[in-house]
Amino acid sequence: MKNKVSKQVNEYVNYFSTKRVIIKPFLKCQIDTTNYMLFKQNEIEIHYDDNLYTINHEQINAVILSMCSRLYNPGIIENNPAKWVVKRFTTGSIGTVMQPVIYNVDIDILCKDKVLQFECTNLDEMSEIITHLKNIGIIVQDSLGIEKLLKVYKDKYELFKYLDRTFPKLAKKENLDNPRGVLTNK
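In full-length UniProt numbering, the protein residues as written are 1 to 186.
Please note: incorrect hints may appear among the correct ones.
Subject to a maximum C-alpha distance of 27 Å in a straight line, what follows is the list of computed DSSO-like cross-link-like pairs (lysine-lysine) [stated by the list, open to error]:
(1) K40 - K161
(2) K169 - K156
(3) K40 - K173
(4) K173 - K154
Simulated restraints on C-beta separations [said to hold, decoys possible]:
(5) E43 - P168: 30 to 40 Å
(6) D124 - I55: 13 to 23 Å
(7) E158 - N42: 19 to 29 Å
(8) N135 - K112: 30 to 40 Å
(9) K172 - L52: 12 to 22 Å
(10) N42 - Q117: 33 to 43 Å
(11) P100 - G137: 36 to 46 Å
(12) T34 - T166: 24 to 34 Å
It is worth saying that the hints were derived from the structure and are not from the lab.
All C-beta atoms, glycine included, are put in the ideal place defined by N, C-alpha and C.
Start from the sequences, fold in the hints, and give me the full structure.
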């Protein structure tokens, strides 16, 4: 029974493998983070694993926006979804482990010779970043209406509350990752 439950949970939660780089996007330089994407006037700087990559805007054909959800583990419980269920049902405890869900924006940058895929964890400046990309002439494909959503729900708590209600249905309809996996605060 224990192995069967463990397998079912891992199949449900475990994770659509992704080639996406998890990164924080900004319009202004942030020194307090290691992996980030900085949108400048003529280029995008990507700081990832102590390396600096630069993409000139002329190299970009379009940017495609999408969305995913992730279970969020702030580091207070073991990072193994199968064990949450197994422990819950084998100990006979009355409590429930509540796992918060967070929502991230996927950005696919279509260049002339490659596609760069990012999962953006910082939604605070995402609306301004989308506007910035459009203002400099980059085509932004936003079939989910993410820009409008971010402008209507400027408060992250209200946005997540809205997405908690609507994202499961949207994810099923648009074949979005829900959840993509667990993001752990280390």
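Going down the list of hints, with the structure as the test:
1. Distance restraint check for K40 and K161: the Cα-Cα separation of roughly 31 Å exceeds the 27 Å cut-off, and the hinted pair is therefore not satisfied.
2. With a CA separation close to 20 Å, the supplied pair K169 and K156 stays within the 27 Å bound.
3. Distance check on the hinted pair: K40 and K173 sit about 35 Å apart at the alpha-carbon level, beyond 27 Å; violated.
4. Only pairs whose Cα atoms come within 27 Å are accepted, and K173 paired with K154 is accepted, the gap being roughly 25 Å.
5. Taken as a hint, the range 30 to 40 Å holds for the pair E43 and P168, whose Cβ atoms sit roughly 37 Å apart.
6. Taking 13 to 23 Å as the suggested C-beta distance range, the pair D124 and I55 conforms, at roughly 22 Å.
7. For E158 and N42, the hinted distance range of 19 to 29 Å is not satisfied, since their beta carbons lie about 35 Å from each other.
8. Distance hint for N135 and K112: a CB-CB separation of about 21 Å, inconsistent with the stated range 30 to 40 Å.
9. Between K172 and L52 the C-beta distance comes to about 39 Å, which lies outside the given range of 12 to 22 Å.
10. The hinted range of 33 to 43 Å is not satisfied by N42 and Q117, whose Cβ atoms lie roughly 22 Å apart.
11. Taking 36 to 46 Å as the suggested C-beta distance range, the pair P100 and G137 conforms, at roughly 38 Å.
12. Taking the beta carbon of each, T34 and T166 are about 33 Å apart, inside 24 to 34 Å as hinted.
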